[in-house]
Each structure stands twice: as C-alpha cells, then as structure tokens.
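Engineer: Residue numbers (UniProt numbering), protein chains in the order written: chain A, 1 to 491; chain B, 1 to 491; chain C, 1 to 491; chain D, 1 to 491.
No wet-lab data here; the hints were simulated from the structure.
All C-beta atoms in this analysis are idealised placements derived from N, C-alpha and C, irrespective of residue type, glycine included.
Just to be clear, a hint being listed does not mean it is correct.
Here are the simulated DSS-like pairs of lysine-lysine, each with C-alpha atoms no more than 30 Å apart in a straight line [stated by the list, open to error]:
| no. | chain 1 | residue 1 | chain 2 | residue 2 |
| --- | --- | --- | --- | --- |
| 1 | C | Lys14 | C | Lys358 |
| 2 | D | Lys202 | C | Lys358 |
| 3 | D | Lys202 | B | Lys131 |
| 4 | A | Lys428 | A | Lys412 |
Chain D regions said to be covered by chain C (calculated; three or more residues, Cβ under 8 Å) [what the hints assert, rightly or not]:
| no. | segment |
| --- | --- |
| 5 | 216 to 225 |
| 6 | 343 to 355 |
Among chain D residues calculated to face chain B with C-beta under 10 Å, some are [claimed, not checked]:
| no. | residue |
| --- | --- |
| 7 | Thr57 |
| 8 | Val134 |
| 9 | Lys135 |
| 10 | Glu288 |
| 11 | Arg289 |
| 12 | Pro290 |
| 13 | Val291 |
| 14 | Asp294 |
Protein chains: 4
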Amino acid sequence: MILPKPHFGDDGDKLHEECGVFGVLGANEAAAVCALGLHALQHRGQEAVGITSFNGTAFTSRRGLGHVAENFSTGESLAELRGSMAAGHVRYSTTGGSDLRNVQPLYADLASGGFAVAHNGNISNATALRKELVKRGAIFHSSSDTEVIIHLVATSRYPTLLDRFVDALRMVEGAYSLICMTSQGMIACRDPLGIRPLVMGKIGDAVVFASETVALDVVGADFARQIDPGEMVEVDLDGNIRSHRPFGAPAPRPCIFEHVYFSRPDSVFNDRSVYESRKHIGIELAKERPVEADLVVPVPDSGVPAAIGYSQQSGIPFELGIIRSHYVGRTFIQPSDGARNASVKRKHNANRALVEGKRIVLIDDSIVRGTTSLKIIEMMRDAGAREVHFRVASPPTGYGCYYGVDTPERSKLLAGRMDVDAMCSFIKADSLAFVSIDGLYRAVGLAARDNACPQYCDACFTGDYPTPLTDLAGRRDAETQLPLPVAEAIA
Amino acid sequence: MILPKPHFGDDGDKLHEECGVFGVLGANEAAAVCALGLHALQHRGQEAVGITSFNGTAFTSRRGLGHVAENFSTGESLAELRGSMAAGHVRYSTTGGSDLRNVQPLYADLASGGFAVAHNGNISNATALRKELVKRGAIFHSSSDTEVIIHLVATSRYPTLLDRFVDALRMVEGAYSLICMTSQGMIACRDPLGIRPLVMGKIGDAVVFASETVALDVVGADFARQIDPGEMVEVDLDGNIRSHRPFGAPAPRPCIFEHVYFSRPDSVFNDRSVYESRKHIGIELAKERPVEADLVVPVPDSGVPAAIGYSQQSGIPFELGIIRSHYVGRTFIQPSDGARNASVKRKHNANRALVEGKRIVLIDDSIVRGTTSLKIIEMMRDAGAREVHFRVASPPTGYGCYYGVDTPERSKLLAGRMDVDAMCSFIKADSLAFVSIDGLYRAVGLAARDNACPQYCDACFTGDYPTPLTDLAGRRDAETQLPLPVAEAIA
Amino acid sequence: MILPKPHFGDDGDKLHEECGVFGVLGANEAAAVCALGLHALQHRGQEAVGITSFNGTAFTSRRGLGHVAENFSTGESLAELRGSMAAGHVRYSTTGGSDLRNVQPLYADLASGGFAVAHNGNISNATALRKELVKRGAIFHSSSDTEVIIHLVATSRYPTLLDRFVDALRMVEGAYSLICMTSQGMIACRDPLGIRPLVMGKIGDAVVFASETVALDVVGADFARQIDPGEMVEVDLDGNIRSHRPFGAPAPRPCIFEHVYFSRPDSVFNDRSVYESRKHIGIELAKERPVEADLVVPVPDSGVPAAIGYSQQSGIPFELGIIRSHYVGRTFIQPSDGARNASVKRKHNANRALVEGKRIVLIDDSIVRGTTSLKIIEMMRDAGAREVHFRVASPPTGYGCYYGVDTPERSKLLAGRMDVDAMCSFIKADSLAFVSIDGLYRAVGLAARDNACPQYCDACFTGDYPTPLTDLAGRRDAETQLPLPVAEAIA
Amino acid sequence: MILPKPHFGDDGDKLHEECGVFGVLGANEAAAVCALGLHALQHRGQEAVGITSFNGTAFTSRRGLGHVAENFSTGESLAELRGSMAAGHVRYSTTGGSDLRNVQPLYADLASGGFAVAHNGNISNATALRKELVKRGAIFHSSSDTEVIIHLVATSRYPTLLDRFVDALRMVEGAYSLICMTSQGMIACRDPLGIRPLVMGKIGDAVVFASETVALDVVGADFARQIDPGEMVEVDLDGNIRSHRPFGAPAPRPCIFEHVYFSRPDSVFNDRSVYESRKHIGIELAKERPVEADLVVPVPDSGVPAAIGYSQQSGIPFELGIIRSHYVGRTFIQPSDGARNASVKRKHNANRALVEGKRIVLIDDSIVRGTTSLKIIEMMRDAGAREVHFRVASPPTGYGCYYGVDTPERSKLLAGRMDVDAMCSFIKADSLAFVSIDGLYRAVGLAARDNACPQYCDACFTGDYPTPLTDLAGRRDAETQLPLPVAEAIA
C-alpha cells in the first residue's frame, strides 16, 4: 500500500489548520451528511479523511488518504457506514505520520463499550502523558496525540464514561475541539480557552457539530450557537442535549488566525463574519498603510476580501492582476529550459495586459517563509508592473503555533528572523507593510488588544502563549524554539 | 480497466470548450514543457490528456484519463517520452466516447513515416468522409473525427507529406487548430476561418504552439504571434520556420465565446486581452441594463471580471456574496435529510452575513440550461437577499455549436425554448437582462457587429453558422437542430 | 481500500492450516530471506502476509493481503525493511477478520522498547483473557488472539522482558508457535504440548526459525533441530543462543494432521519425512482396504504420495486419471448452459482417454464436507469410469480443531453427521474406506496409538482434545460443538 | 497505465505456445462460456486475454493483461459482454509488444460491418505484407501480425466477406488457427498444413471452437471433431454449419510438440490422447535408453506422464523426488546470503529424505537452454543423490519455431550449440539421453517418421520447415537463423 503524498498549491508557504471535525446525531444516512459536512471543511485538512458511524449496535469506520470526495462520494463507500449517528475528521498533517492508523476518528473498544473520537487541536503535553501511560502497560496504536485521551479515559477509575472523560481532559493541556461517540450518544467539547472553533446546529431534530458554520450551511443545518470554551455538550441517542462546564470559566482565547486565514470567509467565527473581518483588515490596512497606486490586486484567493476593503477605503480600483488556476495539484517536473517561477505560474499567472506599466498594491493575508511573496513580486515585475507595494492583512508571523497549526520552526519564519525593512528587501517589494496588532483587533470588532488579558490567542504574532508547553520544554532544542518575552514581541 | 467518469463543478450547466493543444520543438525535455503547457490549458479539457514525443528516431505516446497532473507530473511518467519535440492534447468529451483510443495525439505509421496529430475543433463532415474511407478499405481505430484527417493523408496520392496534408484538409469542413508531428518536424495550422485559437511563441530557439497565450506564460515562452486563419506553419527539426497559406484569404470568423468564457482571463485572444473584454462586457451591461441595488455579486469565478466592470460603471460596491469552494469534484450522495440545493452549495455558498437584507445584482457569464442560475438565486434568497437581479455577460445562448464545443441540443438551451421574460420567471429572478449582441462586439473593441460580414463566429447567439454542416444535414432529426434564419435570430 | 477475498481451489472442502511463521537473525537483507522463507510456507496461509524487520534502531513493518509474491517480490517493497533481523507471517483466516490490522507480525511499543510477534496456533482462552484486560484499561487494536499475549506482556510486573513473556504465556492455553523480536534479539517458542511445528536452522552464523523444514531448504539453511515442546529459544543480536524450558516437561502432542495434509511433503515433521508418512498411509490403506481395480488415481496434488504407496503395495498401476490445472484461482461466473461440475473441472479434469471403461481407485488425503468428493466421482463416471472406489488417507474427520486450523462446525463435517456407509452413498462411490487410526499411527512410524497417552494430537479424528477449551465452554452453543467422549469417538 | 510484466515459473527455460483461442455461438451468456473455456487454455498464454461478444447488433470487447481469472471472473467484467456469440484469446507474447492494442481478438469496422479475429499461430510473411499495405494507405493500430489479415480482408475487391477472407488467407504464409466473427456468424479455420490445433464441439445446439479438447470438457461441450487442415467452417447465427476447403488438400503437418509439451495431458490432439503419447514417450525412452537406478523422478509437472511410462517399462519405482510449489510467480529478490539455486528451489524443492543416497533417473519433457536442468541436477546432488541420470522425453531441440511458439535464437538453444555429450557435461548429469525422432513418432502411434513426407511438423527437432519463411529470409541476420539442411539435422 503506497500512500500518495499530500499536495498543496502553496509550496508550504501558508500556515495550515490541521483539522476539521463534523458530527451528526439523529439523521437518516448520518454518514452521508457527515461526508457533505467534511467536504465543506476540506480547507481545514486535505491529507486524510475518516468517518465512523454507529448503527445502534456497532461502530464502523472507513478511512482514506486524500480528499473527502475521493473517499466518500460513492454510494458504495458509504453503504457500510450505516446508522443515524456519525462523526468524521479531515486532517492536514497532525502529530504523527501519514499512516492510515493516524487517520481519525480514532476508535477503541473500552470496557464500557465503543468510543470514537475526532479531534481538532493539539495536546501540548501528549509526549509526557504517553510515556507515563506506556510505563503502566498501555499499548499505543498510532502516533497521534489524540490517542492519549483515549488511554486516559480507558484507565480512569471513575464510574461513568462522562466522569472518566472529564478526568482524562483534566490531565491534558493545549487546544482541543472534540467530537466523541459512545453507544449512548455524542459528546462535543472544547478546551477551556476555546482555542479551536466548534459550533452546533440543527437539521430538524438532528443535532450537528462542526468546526465551522459553513459546514452547517452546506448540509442544510440551522446554526444554533458555538460550543463555549470549556463546555461539554452531551447528546443522547434520543436527541436530548445536556451541557456541562467541568473546567470553570477561564477567559476565552480563541485563535485570531481563524479570522485571518483558516476559516472560510462565509463562516461566522466567535460571532463575527469572517468575510467582514477580512474586509475590515483591508480597510484598517488602507488607513494605516496608504500608498499611491493604480490598482489594488489581491493574491488570490485568500487576499481577495482584504483587497476589496483596501480598494473601497483607498478608492484605488480593485482588479484581478493575478489569475489563479483551478487545477492546482501535484508539483510538475520543472523542465530545464523553463522560465523562472514556473512553479508559481502554474497556480498564479500575471494578467499581463492589465498590469503592464501600472503601480500595483498587492494584498496577501500573511507572510510565512516569504518565498512565494518573492516569486509573485518577480512575476508582477516580469509582466511589466512599474511599482509593487506589498500589504499584508495580518501582523508579522514570528512565532510557531503549538495548538494544532502546522508552522515552520521559528528560524524558517521570515518574521522570526528579520525586521520589516529586511523582509521588504528579501521579497524585493517597493514597500512592505503589515496591519498592526491593534488594527487586527479593531478589524475583528474590538477596540484594541487588551494586553493584560488578550481577547484572542495571537501567539503566532506575539509569542504570548496562553497555556504551558510541556512537551516543548522537555525537548533538547527547546531554547531555540521558546518564545520571546511578550513585551518584546509586541513592541 | 475501469475508467472514471469526468467530473465538473457545473452540473453540465456551462458550455465546454472541447480541447486544448500544445506543441514544442527544440527544447530539452520537450515532454515536460508540454505537460506544463497542457496544465495551463487544463480548463479547455479535463477528461483526458495525451503527449507524444519524438526522440529523433521514434515516436512515443502516453495517454490517460483525468487531469494533466494526474498523468504527467512524475518523472517516471515523463521518462519514456524522450526527445526535443513533443505535442499534447487535453480534451473534454469529443466526438467519440471516453475511450483511451480516442485520446489524442492520434498517431499512425504512414508510408512516409510516423505522423501524430492533436486537434482542437470539430470536423463537421467527418461522418460522411469516414463512410467513404471505410468503403475504400480504411480501418478506423477510434471514433474520433480527427482520425479522418489521418486516413485522408495516408491515402492521398500527392508526392510530399505537406501536399498530402493540404489535400486532406481541402476535403474537411469545420473548425480545426492542428498541431502535427512528422519525423521531419512540426506543422501547426488553423482552419480558413480561424474559428478555434492557436498561437506561437518562442523559448530561446525553441518554438512553441498553444491554444492560448497563458500556456506560453507558464512555460516561460515569449508570445510571437497568433497563427493566422488558414495559415500552415511548418517548423523543421533545425527550427527553420516556413509559413504557407494554401486556402486563400477568406474573412476570419474567430469564436467570440473565447472572450465570453472559454479562454483564461489572462490570455490574449485575437489581439485583445480576455480580461479586458470581460470587464468591458460588464461595463456595457451596466450601461444597457442598470438596476438599483446594494451589492454587485459575481457568480464565481467566471462572473468576476464582468462584475468588476459592472461595479466600476455603476458605482455599486463589488462584494463576494457567494464563496466558491476550492474542492469541487465528484458529486456526493445526497442525504435524504439534506437541505435543498446541497449540490450547488458544495461549490457555491452564500455569504449570509453579507447578503442578508440586501438588494443584489448577480453577474454570470452566460445561461445555458438555467438550472444552476435558479439554484443560486434560491440560495441567495434563502440567505436573506431582499432582491436578486440577474445580469448576464453574453447574449442569450440559443443555438448549438458544431465547431468543437459541447452544447446541449437546442431544446435544452433555456434561450432556445423561451424568451427573456419567461427565462426570468424560470430562474425566479427579480429582473433578468443580457448584454446585447452589439454591446458584446463593443466590449471586444469593435464598433458593432457587421451583419453583412460578421467579424466573429457568434453562431451560438445568432444561429449564423459560417460553414456548411454536412453531417448535421445528413441526420434524420436534422430539422429540429437546424438554425433559425439569421434575421430572426438576431432580431 | 477494498480488500480482495481470499481464494482457494478447494471450495472450502479442505482443512486449512491457519499460519506459517519465519524468522531470521544475523543475515544481510534479513527481510529478503524472510520473504523467500514465507513463500516456501505459502501453503500454510494465502490470505495475508507481513514482515517486520529491525535495523538496530527501529522496527519497520509492511503488511498486505494476498500472497508473499504479490507483496514482497520487488526491491521497492523490501527496501524499507532494512536490518539483519526480520520475522514474518503468512495467514489463512485467523481469529479476527480480514483486516490489515490483524495481519501479523503484531507490533507494540512497550516501556521496554519494541516488541513484535508472529504466531502460528490459537489461544483457546483468548476471549476470556481479552475481556479481563479491557476491564483493566487495555485498548485492543486488532481482533487477533495474538494481541492478548502482547497486552499480557505489557502489563506484567516482572522485571525483565523474558520474565514478563513467560508470565504472559503461563496465562494462555492452546497452541502456539511464536517468533518474537525485541531490540535485544529474537525469541522462538512452542507451547508445552508442541501442537504446532517450529524448527531451527542456520545459514552460516545466521539463525533461522520456521514452521517447516522446507523453508530452511529454500533459503539455503541447514536444519539444526526442532524447537522442543515448551521450549523457549532466545537469540541475542550477536547470535548467542540460550534455551529455556519454563513449562516443565509435559508429554508432547504434535498435530498428526501435519503428516496427513498441512505440511509440505518435502518437510520433515517430528523427525519423520512427511512424504514417507503419506506414502506409508497409502501402503497401510492398501493393506487394510484392498480392492480390485485397473488404475490407482490420486486426487491431485495432495493425494499423490498416498496413491503411490497404494499402487506399490497393491500392484495396481498408478496413473494420472485426473489432471489439475495450474491456474486455479477465483471462482468464475457459471454460465447457465454450462456442464455440471464446471467449478470442479476448472481445477480437476478427468483424463477421459485413460479412465474410460476402467475400474478406478481414487485416493484423497481426507474428506471434510464431502461435496468435492461427490463432484469428482461424478466427473469420473461422466468420463466413463466403470467403477469408482474411494480410499481416504486419514481416518474420518469428525471433530473441529481449536488449535489454529480452520474447520467447519461439526454439523458440517461429513464424518460429524454420518457413518461410513452413509458417506459412501452421499459421495456416490462404489466403495469407501478410510485408513484406521492405528494404521495412521503405524504410517508415521509408531506401533499404534497409545490411547492412555497419545503420541500426537488427533482430536479432529478422535475428539480427544489435549487442553481445556475455555472460550468454547463459555459460548452459548457450546453443547453442539463439544466433542463426544473419546471412547465413543475412537470405537 | 503501468502494465505488469508476465511471469513464468520456468525462467524462460521452456518453449511457450503463444496463444489459445476459443469461440462459442448460440449459448446464453456466451462471454461467460468463453471465459471458462479460455481459463482451460490458460497454459497456452498467460500474458494477456481478451473476449469480444456480439449481441445481435453490436460487438463489444474487453481486454486485459494477466490471467483470465484476473480479468473475467466477476459478473461485472462480463456484464458488458452481452450476446450469444463470443470469441476470446489468451496469449503469451506474440509478435508485437505487451500493449493492450495487441491483445486479441482484434476488431475492425469494415464496410461490410464488424469483423473480429482471434489467431493462434504466426504469419511468417507478415512484415512483407504489412509494408505493402502501408504503402497503399493502410494504417495499422497494433504491431500484431494478425492485423495484416484484417487489412487484406478490408482491401480485397471480392464481393462477399467469405471470398474476401479466402482471398486474404491466400496471401499469407505460416501457421494459423483462426476464430472470426462477423455480424452474420462465426468462421473457424486452420492453415492448409494444420500446424496449430483447432477443434469443434457442441453444447446442445451451441457450437464451440477451441484450441484443445480440454476446453470443451470444462465448458461441458461434447467433442465433435477437429477442424481439418485447410478447412474453413462457417456457422451462421441460426447455428447452420457449412464447411469449405478453399486450399485444396496438402498433406497435413500438425505440430508434434503439442504432444510433447504444449497441450494439456487431458486433451486429445490429432485423434490421440496427449497423456497416452507422453507416457509412451517414457516407455520408448526406457527401451531406448535404460539405466540402472533406484528411483524414477519426474521434473514436475510436465515430466510426470513420461516418468510413469519410464517407471512402468523399467520397473524402477516412480517417486516424487522433487516437490513443486503451487505458489510460483514473480521472481523474488535474491538475498546475498541465500543458498545457490534459490530461484529454482522456490518452485522445485528436493525431497531430501527420499533421494538421499539414491541413484535417480530424472525425466523432463525437453531441454531448451539447459540452465534449469543444471540447477535441478545440482539440487538433487545437494540433497544427497548418489547418481543423477537425465532422460528427456523429446529429441534435442535445436531449431527455432516460426509458427507461433516463442523460442530462443538457435545460439541460445543448448542443442543448437552442442552435441549430447557436451550437453551432459553442461548440465552435470551422470548420463543424458533423449528419445529418438523415430521413438517419438512411435510414441504418438506411428510406425516411424516418414522422412519423405513427415506426418508432423517437427522443425524444432529437425530444422525441416514445412513452409517458406519470407520475413526471416528478408532479415540481415538471416544466415545465423536459417536452418541446417534437414539431412544433417536428422542425422
């Protein structure tokens, strides 16, 4: 069994949300609903997909590498997944290699019966917990951090499954939005800080949980509410819903990067339209960092909403100066006679007739390594652009994420190793500017960042991590990874 | 060998260009250049792909169903295609079923040596010619109309291959842009009316031919010029170029729908930027068919340039009221509990937070069957839009195309069976309007349509077919297919 | 991932050995040696195959459904399995479904390091042990009985791995020949009764373990000795061998059916040539059950050695009256116009020119359900045989095996539901006879069966099971499965 | 599409019949009957298989690489092949590479309608004919010699299909047994010398044609008669049979190697049981070439019938001194530490316990390159055999076959480059002997070879080719390939 490598159109020059989760209870053909919902969350993970269903008696799982449509679009593929309760998972790369054993939902036969779990997030003390569990005789089947939760539940001494589940979660640190299934029903919960998203909806009497509201739209569910940080929602097989809050009420810290890039623009996150947030980042950016130019050009597609905002605020016309191919996929063999930047051009081609001789404001959502930004600016110049000003719809991304987002090491982050002027030289722009951290908070509807008690997790911009990072601290090379003091980072 | 069905994101509610062709002579790893060029033409045909290369001694072909990237992105797949000359083809469905034997380039060992041909277009008397050839003992290997050309060449009595080729083309009617290879070099030619596009470029000393300029951009070639209608360009293995015009000089009739939809917006067709044309259609549309509204919303992605034009002309803000998924693919099983229009929502979801309570101008490039338009308007209303006005960036598409475009029968074309008022009711819009035929000609840079001698082929709008349609006339059911008189159609 | 069903040429009308194991330590390319050895054991299991290797640092596994050659014949498939120690497993169906997770060697990361195990046999109290382990928090990843052993090792409190392994085995009952690997070396052991075979050999300094001597021949190893019942042989990475006998010295009970059918005729089992045993069964059968006839015809291939013996003893010529196809595989669609018994004829065709008008003695190794015997006799009569006498080279198979052999329920065994006369009528033979239980013991070189203390496990013939059958006793339907009193069975 | 290489158990050290053909008309599910019949002919060709059926209106084909069971054992694979007439083909390698286009039946749409042909044999002037046809404008789609026949039919000027077919066959030279289908029915014919076999049978009213009688047995057909050399049997769709003999009545020369090795032992060829022939070769061999020994051991499986004959004639016991694996297939990676001859041992293992210390007479059907014979003799000696005498059930194979059998060049045939003594040294036998050419003719039931007018084609033994070899003569290297004078060859 040779498994294909995942493929992205961005050459690793984007941060990647690592997972999306979806669950439904009380629907006919729950697995088909689940497949549709996961497809709507495909942007959160393209490497692998799994669905587990429960038919009243038994759990059945099906997993595969690749996209939802490649694995779950046929009747045959869904025929074995019977029942009115199902949960599924899409993943990018997670902790753990690209092995089918790591594809979620993970499933175990506990003494209390079947237990399936789909997880979005990252347990930041998983290595330490795993070591301890193995010492006590636990046998791990995957390299996934999620399996730690299952073993903690299995070995907990509390009498009920719910108690054992709470007992387990008390031991884990980090970010998690979980959808679990037992033979009694479904449990959805979110870590105490609510770092990763999770929402609830209804299709008639059926209950739906999903990482984003867009999945509710696509399956025809009405949005009910988000799961609160630290909340545990239990739904039994009759559809009765009970809410538990076993972790008290710490101040939430949802991930602000969901607004910047991860979530679909048609989703509502933390009670605010993501599209609205992105357009307003563009507006803030135009206010903070104006420039004289002929055209506002988005780097498609993620730069489009901010570019619309920038254009509306600045009055400079919004135009498609870069055309994106719909057929991005695997990398091609680069012929030795090929033009420079062919790998970028397969995805993004300059609209030469439009940009020739013009002064361009390019808008992108973020800069990670900077290599793609450099190539796109070169491409614009090759196509005859007179000036290229780069505006970024987020602050400099200078710190790694340990909460379920795939980030390069700090030393590979452009903003982790140079200041804005140096970055501007590196990407060869005529000017470069980022929205300020307070501009970003204004764009998501707040007055400013509350530095004493930030309303969001913005550690990738500030280095201000809201939880301990046990496994990280345990690593030899930890010092090179450890964040700078917050004060320095924000300054 | 079970071959997958092709899959489109449009439920058959778009016209489809049936082919793209690409050739290169004089490049190292010509097949790799070819793969990259075909990838840039993927929008012209997604069902199958083939590349034939010549290594100075022998021709080698490789064909596959699916996308270029699925078949030609690995070194292994290209390793067998050695040599400095190669030509390739992407196709949607052509005349002929979805059998690997129909995948081009077609190849034959003639008495004069190997002969490979890649064809974009459609031979409208292929059936009649084939019947005659079989009577004389020819054995056809495919059901492709292109094979007729090869048999005509094989059985021609003229002494040179070029003469035999001209002799063959004199017998065919219809549209063709051809890239041929022999052991002597490459021949590119375009039918006397130049219905389908074909351009030439250079990478250093290497010569490149392609359906669109975007393929030149992506492989790093400089655009040289388009192949003229009726021109035959011969390049020998040393790169010497000779041009022939064996068909005299009839007035050209390039396909105007290349501007409307087929070509990539970053291509230049008939010496005009396609993006510019589309934006100007939006401008014309705003002038001809204004409406009071809050937002201009494109149906992504094909409606975007016209929507930008409409917005700039009307002053109504351009906004992404519909979000397109990047992960469109196979159809999913529709769960019985699912919302209405889930099949549309997988691809296009309403940006509910934006459109709620608003008056919307929706801009799309064309209406074919109208079923998708109806679903999108329903989706906008479900998301709370107060009014939905539909503006179409082409005239009503009332006639089938017989020149290499997949069109439904006339009775399935919405504009083939009802007038604009009835169409408006059918799609449940608050208002519906199309750009006029003269508005379209203005948008592509002309003063108006010259009805005596139209500058483009616009038969899909007017029924004014520039060539005889021999095979069509020969069919039993021809009368139901035959075009209306031109006068009536334009009125 | 759709997994093919296993396919056998016998329509389920043979008993199937469920597994073969092979291990090698100290060889270059240990995995390649292992693949070759497993190929020689392919007759012991055709459904799935796995190899695990250790490169001094890490364990790597590769598993697949189907034959060894389908999974391990390419360099690519073996390239990842580096190192000088490897163990592998072929299996028919085992306890546990046809899921890759059940394919052995099973592997676990224990607190002491990696632990891999390949198992031939069946743990007859696995269900009871598993239930207890799950209650204590163990999470099982397969449905294999073998995984019980790993969890018992993981949770044992003894200080060394060897002690924990012995501790684990003390809790299991049934049949097991095990090859285990740790980062310290290899452990091979056989259950106290030695029900399933296991031998040791040497290739130079490399140590080899295998289910049968034929695997030693094929890899070029010299036979050293069999592993004794209850013996545990430990080999460290330097090749030092230590033998342990932690289970005392119970009288051995190796499986006599290895002589009858399971082992390859070119293997030596329990210090006796299997071919010799089979030929002598034929000799005993000719003495006990003579018949006047023209030809001795084996049912190929398993009946051949006994037929040679019968022919030599009786003087009736040995002839190939049935020709076996080499291309047996999947079942074909039976055309409605086809002849009767086409499914048998695909594998076995009558040699009509030879058998026409003749009196035939057919020799087969055993009768399980009897359906194939019936069809073969019909086929011989259709081909013109005048008389068909059936002689069976084993006693009636009246009881199920719980030691790693796939047997139908007793009610499906022909000898489980009727006496010899009724069986003769059922298969429509002119006469039917089986070798006696004492004849069988004589054929394997003993004077007779020692009823007080039988020298072999012959439970399938006698119902005399040498171990408790805990799981079986725990089943509802146990009474229908339970053996008859031995006295009655032997009589 | 990556096609697997064929795999054989003999390391190329056998001659291979290149094809088997099967056709049926008048049966329900004709394609399923055809699949079953082809499966019975699998030994005649393992590389590829195809079936074409006719449903009264249209022809449908399905082709695949590999075995019949891999391609035609499922209902799905046969569902598309509807109708009551079908013909199929198995092939080893033919003239033409391993491309699906070369897999037969070949099919063409002629002016008279569909025409399908399955061919066993080889056209020895195909290259010359093809060159001429291409010159006249024919386009070939395969590299198969069989396609020449179709083009000759397509371009013949005779009025009826049957006349055109005869006209075509008059131009070809060599060996052919053909099964053709048109929309009018089936035509089976055999070249004037009847080199390759072809028989006719009946299942009720359905007519069956096949290469061998074993295929009739397996599909439940009664043997009617063989098709005579030079006969053309026409069956219309109502089942009416007409026989034509357009080629006069030359003396037949069927291939004697069908008796030696190609045909299944349970087939009847040229009115004689193949098993009987082989056993009698053994008898002749024992008479001509006796030896004192303890055991007669066949090289399985092809040597078994002759070994039985040798044993019966000599009185030396027949024993299985070599055990053949049922799981032969792809070649394995040879581990560097492996024993010598592991590649042979995977297929054939010495029965050490039996042969140790014994004097062995090994019986094989033929010697081609001799490499396998050498390895088997080494293996017997490694296993302790005291003496190894090699007896071959055919005369020395010194000449290539140009009639549809895959033979090495003469210089690679052991008997093509050395005499019997040298061969004996090469294979390291204690003695080596072949049956004489007259002994072989006696074994097939004749008094002796009629040297003036041989009753069989025995060119591989004698170099006496019964037809001109036009293509061979046209080759540069012809002199090294050309046969020796017959006199010398037979002497």
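Engineer: Going through the earlier hints one by one, which of them does the structure break, listed in rising order?
Structural biologist: Per hint list: 3, 7, 10, 11, 12, 13 and 14 violated.
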